[in-house]
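Asks: Generate coordinates for the entire structure from the input sequences, incorporating the hints supplied.
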Amino acid sequence: MTPPGSSGTKTIAGVVIKAQSDTLPAGDSSRVTATVTAADGSTITNARLNWQSSDTSIARVDSSGLIVTRGVGAFRLTVTASEQGAPATASSTVDMLAERTVESISLAHAGATDTVTISDTVRVAAIARDGLGAVFPGVQFLWSVSDTATASVDASGLVTARAMGPVTVTATATGPSDQVRRAVLASAKLTIRLAFTHIEAGNSETCGIARGGSVYCWGDPQWGRLGDGVVYPQVSQVAHPVRVQSKSAFVKLMLDKGSDGRGGHACATTIEGALDCWGSGSWGMLGDGADGQAIPPHFVNSPVQVGSGSFVDVGLGSQDTCALTTSGDVYCAGSNFRKQLGVDTVSTVCVESDLPVYYAESCSNTFVKVSGGQRFGEIFVGGTTACGLTSVATAWCWGANESGEAGVNSTVPQATPVPVQGGLTFSTLAGGAATVCGLTAGGAAYCWGHGTFGELGAGSQVSSSVPVRVGTAQTFAHISAGYDHVCALTTAGDTYCWGGNSRGELGVQTTDVCSDGPSYSEPCSMSAVEVPGVPKFVGISAGFNHTCGLVADGSVYCWGAEDFGQLGNGLAVVETRTAVRVEDTL
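All letters in the sequence shown, in the order written, are residues -12 to 573 by my numbering.
Hints are computed from structural coordinates only; laboratory data are not their basis. Take these hints with a grain of salt, some might be off.
Distance windows between CB atoms, simulated [stated by the list, open to error]:
{"#": "1", "residue 1": "561", "residue 2": "283", "range": "45 to 53 angstroms"}
{"#": "2", "residue 1": "101", "residue 2": "50", "range": "43 to 51 angstroms"}
{"#": "3", "residue 1": "44", "residue 2": "108", "range": "14 to 22 angstroms"}
{"#": "4", "residue 1": "114", "residue 2": "168", "range": "13 to 21 angstroms"}
{"#": "5", "residue 1": "296", "residue 2": "168", "range": "32 to 40 angstroms"}
{"#": "6", "residue 1": "161", "residue 2": "108", "range": "22 to 30 angstroms"}
{"#": "7", "residue 1": "362", "residue 2": "145", "range": "39 to 47 angstroms"}
{"#": "8", "residue 1": "502", "residue 2": "135", "range": "52 to 60 angstroms"}
{"#": "9", "residue 1": "446", "residue 2": "481", "range": "16 to 24 angstroms"}
{"#": "10", "residue 1": "198", "residue 2": "135", "range": "17 to 25 angstroms"}
{"#": "11", "residue 1": "283", "residue 2": "95", "range": "28 to 36 angstroms"}
For every residue, glycine included, the Cβ atom is placed at its ideal position computed from N, Cα and C.
Replies: See the structure below:
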């Protein structure tokens, strides 16, 4: 056995501490090593090392050289190397510093939910902490969102909800630079919920104006009806809201409720007074200078501006569009085959190039001014008949009038506006396929025109070319006419409907049967019936064969036909008489 210190053993001559850095974050850990050398400069690998910290309240070090900082301040690290059975030792020291650095961020925002309603704002607060878990004041952050179309965030962390969907908000620490030594960030997920201010049920689609003025649509996407810029395959279904591709804020919105497979269009006025339209323009009703009745017809799948700076209201028939200017004048575009443009004749026709000329229809694919000189404050358009309310609340109508829906005690087409007979004044009107309804200032409901399916609500199937009182003691604040049914809201928000019920559009099982000749009959109600099991509504819209109601909180409930997803609850079943909630989150 060779004694220690003899020529067979290397004696410790020195030791050197190796640390990744002499500055450590408080609350962090780091491993240090030591190199032990002999007098000849070679490395001794089996020496014993004894590590010590000068201030264990700031940092501790274990026998393996692992430093754990527990406070803030300077400390000295010492290592002593020794050899088993030999008196030789060597020591080394290094001065180190534990300092505060940003090591983590947590995010918090007001409210007990991660769901934010569209157009609302929420403040997200970022809290920086050091490695010891103590709050680190004075840190600067860079804010970002995962999708700027869904939400925006400013330099203070104020998030503004823009569109329905999920969004991730991220805060990244950027300074002070000497206290942010690495990338430190935190993210929070928010869900933007839709809330509507207006709802419109159309043929087999539904659209609504959301808070902030954006428009969302769902249901049948054919011929660009949803306005989302997508060209869908034929016989598609979109059973949840999609955003209309426009940066404009809209204030008025209408959909047509016609049954022709070449139709289906929507128009809306912007906050600046422009008029945007999308969907089918088969009869020129988009007013964009084009028409085409083929399959597919002429259509646009995102809004096209057809006027600017002067429109305050818009109404849609099955084959035409009418818009009201600030001066009270009305301009219409589309088919004039039934005098629905409010002029006797137009100089243009719509016809496909491969069809004989005798198929040509009188139409205008640009807007023409309704004749007669009458000025209106609001307009309302149904299937092929339009009406306007004057400043003194009298109703004037024009168009096909095939069932007396012009209210002039005849069924002769009216090429120019004529006053509705009966001496009534109205607070609002509603146009259906061939039925017009109105509410008086006191809330009494009157309807006229087609009544074969009980649309007049007078307890019979009789049509009328003059207004007749809906047979109910209820008074109403809102009214909407669909293809062959009508729904209205009381001032308390209760819903009543009458007319055809072939697809459950009345929201209740009915026992009446209405016939349109010997070959066709359907369930109906010739009198107003209350819709059970629905919330209190502040808005109502009757479509072709479905109905939707708007709740004060911005949610929407629909019932009736759902074969194209027009009820918006994520499904596409045949129909339901039970109201379902439109999806308002993704």
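Asks: Take the hints in turn and mark each one as holding or not.
Replies: Tested hints:
Between residue 561 and residue 283 the beta carbons are some 25 angstroms apart, a value that contradicts the proposed interval 45 to 53 angstroms. As the Cβ distance of residue 101 to residue 50 is approximately 47 angstroms, the hint placing it in 43 to 51 angstroms holds. About 46 angstroms separates the C-beta atoms of residue 44 and residue 108, a value inconsistent with the hinted range of 14 to 22 angstroms. Checked against the hint of 13 to 21 angstroms, the pair residue 114 and residue 168 passes, with Cβ atoms roughly 18 angstroms apart.
Distance hint check: the CB atoms of residue 296 and residue 168 are about 57 angstroms apart, inconsistent with the given range 32 to 40 angstroms. Range check, residue 161 to residue 108: Cβ separation about 23 angstroms, and the 22 to 30 angstroms hint holds. Remark: the range hint 39 to 47 angstroms for residue 362 to residue 145 is upheld by a beta-carbon distance near 45 angstroms. Roughly 56 angstroms separates the CB atoms of residue 502 and residue 135, a value that falls within the hinted 52 to 60 angstroms.
With their beta carbons about 20 angstroms apart, residue 446 and residue 481 fall inside the hinted range of 16 to 24 angstroms. Checked against the hint of 17 to 25 angstroms, the C-beta distance between residue 198 and residue 135 comes to roughly 18 angstroms, which is consistent with it. In this structure, residue 283 and residue 95 break the distance hint of 28 to 36 angstroms, their C-beta atoms being roughly 52 angstroms apart.
Checked against the numbered hints given earlier, this structure breaks hints 1, 3, 5, 11; the rest are met.
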